[in-house]
Amino acid sequence: MEPIIIEGTPKTPSIKFDTRDGVFEIKGRSIPENSVEFYKPLNEWLDSYMQVPLDKTVVNIRLEYFNTSSSKCILDVFKRLEAIHRSKHDVEINWFYEEDDEDMLEAGEDYDSIIKVPFKMIEIVE
Amino acid sequence: MSFDLENLVSDLDIRGAVLYFKGNVDSEVINKALDMVEGKLFTTRETPRLRKKVYNVLVESLQNLYHHADNIPRGYHASRPDRFGLVVLEKLGKGYRITTCNFVAAVRVRELEEKLTRINRSTPEEIKEHYKEILNHQEITEKGLGGLGLLDIARKTGHRIDFRFKRYDDLNTAFRLSAVVAPA
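Protein sequence lines correspond, in order, to chains B and V.
Take 0 as the starting number for the first sequence in numbering that gives the first Met the number 0 and just add one per residue.
Take 0 as the starting number for the second sequence in numbering that gives the first Met the number 0 and just add one per residue.
Honestly, the hints are just simulated from the structure, not real lab data.
It is possible that part of the hints are untrue.
[Claimed, not checked] Now the stretches of chain B that chain V is said to cover, found in silico as 3 or more residues with beta-carbon under 8 Å: (1) 64-72; (2) 89-100; (3) 106-116.
If you're wondering where the values come from, they're calculated on a predicted model, not measured in any experiment.
We put the beta carbon where it would ideally sit given N, CA and C, even for glycine.
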């Protein structure tokens, strides 16, 4: 399956979901005014991936900032991962947050309480 | 003297503000404001925690104007009628205060006032649960998620949101919203 690779910008994260090397990552800032438009290609890619997922899918979320409209789009990504997990495939989400960034940790805990997928909170110590 | 949105912030220290802008809050304006504030917060050597909170609340405040400011009243002078607002970021003691002003249609005032009053009466735990409820169950619209921005501001600041309305005419009301980000 062709990977989806999107370069990051000051307002949108870099995205790399590549089944060849098993790297699934969203990284950077996600604060666009129109998040739905930005996340649409990723969610469409995941709709296809859900048909033939890897035995194990590990997704790394390394966000520095995200706005409330992105929060819903990220949840939509997680709901697709949850569907893969429900179909008896391993899925793991690694939620990275910087030391002292309790808001980012809390955001990860919010998703962990909503989505039935193993979540790992990983503190980045500088 | 005719009314200007600036009248709503006459008690603030605009001249000493970290950021002051009045006009049409489009994507370009938001980018420039965020860049400028981020640079200034770095040079003032604020803690990463405070910098991040201020930046986050500023993003939501500016995007609230972008998505939710109603058109200006007929006869009010501006280069464009849409997305017109005012934003002030001030250093306040060891923290920061972010204030935005915009026009809202008079018919929306009651709903907005009730929403903010409900937020201010809620405990941090209730705000968190309400946020999760909207996040998980409400469909996203072109204008984003109804009220999630305000809940996010309340959550990140941990303080009550100060707000006031000033009637402009029968159809339009000027609205001011302030949130304070304090150090831990």
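Quick one: see if chain V covers the region 89-100 of chain B, three-plus residues with Cβ-Cβ under 8 Å. Three-residue rule met by the region 89-100 of chain B, so holds; n is 3.
Count residues of the region 64-72 of chain B with a Cβ under 8 Å from any Cβ of chain V, then say if the count reaches three. n = 7 at 8 Å, threshold three: holds.
Closer than 8 Å, Cβ to Cβ, for at least three residues: run that test on the region 106-116 of chain B against chain V and report holds or violated. holds (count 3)
Hint compliance for this structure: no hint is broken.
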